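Protein chains in written order, with the numbering used here: chain A, 1 to 755; chain B, 756 to 920; chain C, 921 to 1212.
Calculated directly from the structure, the hints in this document are not laboratory data. Remember, predicted model here, so these are calculated numbers, not experimental data. It is possible that some hints are incorrect.
[What the hints assert, rightly or not] Result set (DMTMM-like, lysine to aspartate or glutamate): computed pairs, CA atoms no more than 20 Å apart in a straight line:
1. B:881 to C:929
2. A:290 to A:431
3. B:880 to C:1182
4. B:765 to A:107
5. C:1209 to A:609
6. A:659 to C:929
7. C:1209 to C:1151
8. B:881 to C:1181
9. A:497 to B:857
10. C:972 to B:857
11. B:765 to C:1007
12. B:765 to C:1005
13. C:1209 to A:431
14. A:155 to A:609
15. A:659 to C:927
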Amino acid sequence: MKNGDIIGTPVSRKEGRSKITGQARYVDDMALPGMLYGATVRSGIPRGKINRITFGPGIDWHEFAIVTARDIPGKNCISLIEDDQPCLADGTVNHPEEPILLLAHRDRGLLSQAVRAVSVEYDPLPAIFTLEESERLSEIIWGSDNTFKTILIEKGDVDRVWEQADHIVEGEYRTGAQEQLYIETQGAIAAFDTDGRLTVWGSLQCPYYVHHALKKLCGMPADQVRVVQMETGGAFGGKEEYPSMIAAHAALLALKSGKPVKIIYDRMEDMAATTKRHPSRTRHRTAVAKDGKILGGEIEFTIDGGAYETLSPVVLSRGAIHAAGPYYWPSVRVRAKAVATNAPPHGAFRGFGAPQSLFGLERHMDRIAEVLGLSPIEIRRRNFLQPGQTMTTGQRVEEEIDLGKLLDKAVELSDYQAKKQKFTGENQGQDCRKGIGIAAFLHGAGFTGAGERHLGSVAGLEVTAEGTPRVLVSSTEFGQGTETVLCQIAAEALGLKYEDVGFAQPDTAVVPNSGPTVASRTVMVVGRLLEWAARDIRRKLTSCGLLGEGYSPEEFRTACRAYAAEHGPLRSLAQYQPPDDLVWDEENYRGAAYAAYAWAVYVAQVTVDLATYSVSVDDFVALQEVGRVVNPVLAKGQILGGVAQAIGFTLFEKVIWEKGRMQNSQMTNYIMPTSADLPPIRVYFEELANDYGAHGAKGIGELPMDGPAPAILNAVQDALGVPFDSIPLLPEDISEALSAGAAKRSLTSPAKVGP
Amino acid sequence: MSDCPQGRSKCEMALRVNGERIVVRAYPMDRLLDVLRGELGLTGTKEGCGEGECGACSVLLDGTLVNSCLIPVLQAQDAEIRTIEGLRSDSRFQELQEAFLELGAAQCGICTPGMLLAAFHLLTKKPQPTIEEIREGLAGNLCRCTGYQQIVEAVAEAAWRGTAV
Amino acid sequence: MRAHPGDYELVAPGTLPAVLSLLAQEPGGWLPIAGGTDVMVQYAAGELPARKLVSIWNLPELRRIEVLPNEIQIGAGCTYTDLREHEVVSREFALLPIAASWTGGIANQNRGTIGGNIVNASPAGDSLPALMAYEAELILVSIRGERRVPYTSFHIDYRKTRLAPAELVRAVCLERRFSEYQGYARKVGPRRAQAISKVCLAALARLGDGVVEDIRIAMGSVAPVPLRLRETERIVRGQRIDPPLVQLARRTAAAETRPIDDIRSTARYRAAVGGNLVAEFLGRLSAGKIKG
Ligand SMILES: Cc1cc2nc3c(=O)[nH]c(=O)nc-3n(C[C@H](O)[C@H](O)[C@H](O)COP(=O)(O)OP(=O)(O)OC[C@H]3O[C@@H](n4cnc5c(N)ncnc54)[C@H](O)[C@@H]3O)c2cc1C
Ligand code: FES
Ligand code: FES
């Protein structure tokens, strides 16, 4: 097959057939002989000291395997960035879903009664639940100041811009927690073999994260621990870190009982106990010139990390870097902070901090436009980053991106101008008001800063004895199309057909550590490594004269077999080499924050029904520049799914908290959109090659989460003339605002005009 | 009268699953979902919520779409039960499956069996549904990955191919 | 968390007399389960207090719709799908199939029954306002025989009804006399499908010469029981609809509701929307925008 035939082609999903026939094997579809089922006893109070644990009457406790913190052979932690999160509470609890004790039994049905029969007595301690309470330090619940991490990004001298400003515009914006709500709940099976080797099968994103956590927990060497990813029914970041916890619990129960143990969370437990998107607050103070140019600004970005550090520092980092958006800021100061509260730890969720800070920014841009009397289009156009300019971290825009053109195209595709005019003319006196709103944004692909350098990912290819190449990566498939796209890239690089290339099940005993499957890094970073590995394989075959320049798949297979016969298995692994021009100073947050950026302009059209105060999205245009699109159907699917989740984030999905505990942990009460709630979403790609990724591909998975929320809220303001700065925006909020006569309040009141 | 006099203990129940008569030992209040997955190994039927919200556990009972997580197995005794495994050889079902594959309607795949059954049920009742009817017909099946659009397109495509044949 | 199936008893006697005699042997001892779409949800959450269940699903005596000259009798075991697909119900009692079309997804409509909706007695039950508006009667049956009770007084308090232990709802009777009425129904939930109502309205009115001769406004989710808005009806009856009347009705309706704050919505929102829906109904009525 010629080069260029596979990349950009909508080949169907590698594992697609197994999914449409119901044959795909998820962890709950698997059973081992003699297997027990595990369950977790959780704290139920937000903070306190454990006094006593008692096992109630009416249960034959001898039949149960029971595990407490004392049964942990290694270190009692779920090791990630810091080792602060215990695997099982030992003496104190810091959130209401903290695991304290584990139970296992052959009969799954007996577990819930048993869990209820365990009672834990506490000395309760005062707890804190909001960002503000945490900042006030009324209670210190973590470290010395409730702060997991602070970040300062400074560019230019922002203290001097205020006096030059024609206008100073301020605003505060908030986003709520969001549940990933993958349809397959979390679960794992753990078993020890007769040699004491531990294997865990799970629904997970990052086999080597789990591997790392298990080694530390069990005090076992790397080769004694094996982690296998089963088909994974959705993840969205929610299966980045938490699977280490379930795997650890299953492993401890398996160790104690000497039997394989399966833990599958039911929906309520999954929603209540596992991670959610960090709630956030973004404050802007921006100096603007008469012509609409941003002179500089201060941005304060704060996120609620929950009770333990987990991934909060890196979520914060991405959020802070994205806080300035796709605009040129001559000077800026971003102060970011992740604080602790007595809620279950918040964690990774598609976008990883960026949707939060970009929501603030893109609402703020509309506010600036309003103060200046400019259109939302114009304010953005006048401030867009240009090639050669520097971003907040000092990174130069090297790509030949023309954001003005992207904006023009989105305006045209959405018929923005005509609609805006029409709605303004027709809304008066109507029971349903229409509005249109826009958001422009960017998303950095790959790990932030020096993350990729530290990871040093390895990925590769091997050729089986029959001459079939297989992709060897720990990158996992959970719906986004990893398997398919990496096979496309490998096939292209090997000069073979897509069908000729296989994908090894991610299993730490078989595949190298190609890093976690997060951060929209898979195609760009891991795909690139596969290209190198493929080239190496071709080189090996040609250099020993087994293969010529052009070859058929059959000739390739023959050559591989011949090679294997002479030299043993044909295998090539490539390791990430940081490009020389990507330098990052972690200390000062200066340098190349990301190797590449995807750029986008989204336009939302809404109707607000004044009888019910509900917002419906009527039309949605998603235009993005993501580099080379490797598989158009899959890429489009990523955008569609991301926009749908983001519409949920904006208008439907509210976590109701009561003392750190989710009150609506059921699908009936935590509302995600159904097929009847979503508009047609129109997806468009612009392609602009990038030098770093495979075939110039950049990340795509997280981008669509960033833009819809501000675009929709901008549209709501367009429809009602009332600004809303907090999501989720529910009908109840609109009803309150309208009845409070907010409509009459001056629209520019939140902004100070000066100096 | 049920042949399960003492409801509290496990008893034998005869089911008709995918055209086959099968005797299972179960509690009358066992959920049909658990019997299909556990006793019969028909793991193509999934559990997403256990409360009737998500449709991942959809099966056909006498040709009607139901959520098997809400059905005590005793109530399924006299019905003809069809799961995704039993529809494999139905050519209209295959058409739907192919459209799902080609048009990207399955991402993580966990909602897919239920979604396919709901779509199949819809097309059985309404061979040429409008887009709105598809969206309504599938509204009991939650999908977190796709945003539904490619699913709706696949169902429309299968409907169209169905008549073209 | 999930309950243990072995802790529960479930029997399926198969006929109505057999079920009734079982219920009579131990009044209150057996919980009927029809489509199970409420019972099984409670069971799954480990919150079902009853330990003994008797299946009434698909009992032939409960699953038929009888069309008589003056009334229609809908068996309590009819599903939402049965209602949506029935010609006479759709033609003469359109509010009911509309409510049925709102009830969960298709799978739920294939199992959920009207009898279950009535006896489950959630204030958010979507078919209940329609039954209020049509002033339905219920046929209750026990081993001792049948009795008819007006539906409007069936619900006593939050989840409390006039159903006696050992009694079943056999059928819902609707008088066939609404051909001159115009109906309006709207559900407001957190999303368009598969949603528990925050407010739902079913309303009927008959106009003569532009004057409202008769009007029935019923609402769900705004009180412990499904509510008839009698006061609002009173101020509208006999009047011509004009903007001041619409505003007055909006305020009266909002004041007449008795909603609460819960995890699904707020009392203020429910009252405001309740008022708005009434205004919307009257507005459409006067503009001739609804058909009978
Ligand atoms: C996913 C989902 C979505 C839903 N959406 C909606 C919705 O949008 N709107 C809505 O109103 N409801 C909704 N429901 C609730 C439910 O579907 C309805 O209340 C349905 O009508 C219940 O009927 P059933 O036959 O399933 O009742 P069951 O669960 O079988 O029984 C409910 C109660 O009624 C009693 N009962 C049933 N039939 C009789 C009878 N003939 N005589 C005496 N007692 C009887 C039972 O003993 C039990 O107490 C939803 C449920 C689910 C699971
Ligand atoms: S598992 Fe049955 S509907 Fe979700
Ligand atoms: S494909 Fe993942 S939930 Fe539908």
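Results of checking the hints against the structure:
1. B:881 to C:929: violated (39 Å)
2. A:290 to A:431: Not satisfied, since the Cα-Cα distance of roughly 37 Å exceeds 20 Å.
3. B:880 to C:1182: This hinted pair is violated, its Cα atoms lying about 38 Å apart.
4. B:765 to A:107: holds (13 Å)
5. C:1209 to A:609: holds (18 Å)
6. A:659 to C:929: Between residue 659 of chain A and residue 929 of chain C the Cα gap is close to 38 Å, so the pair fails against 20 Å, i.e. violated.
7. C:1209 to C:1151: Given that 20 Å is the threshold and the Cα spacing comes to 24 Å, the pair is violated.
8. B:881 to C:1181: At roughly 41 Å apart (the allowed maximum being 20 Å), residue 1181 of chain C and residue 881 of chain B break the hint.
9. A:497 to B:857: holds (18 Å)
10. C:972 to B:857: violated (49 Å)
11. B:765 to C:1007: violated (43 Å)
12. B:765 to C:1005: Roughly 38 Å separates the two Cα atoms, so the pair is violated.
13. C:1209 to A:431: holds (15 Å)
14. A:155 to A:609: violated (44 Å)
15. A:659 to C:927: violated (33 Å)
Checked against the numbered hints listed earlier, the structure breaks hints 1, 2, 3, 6, 7, 8, 10, 11, 12, 14, 15; every other hint is satisfied.
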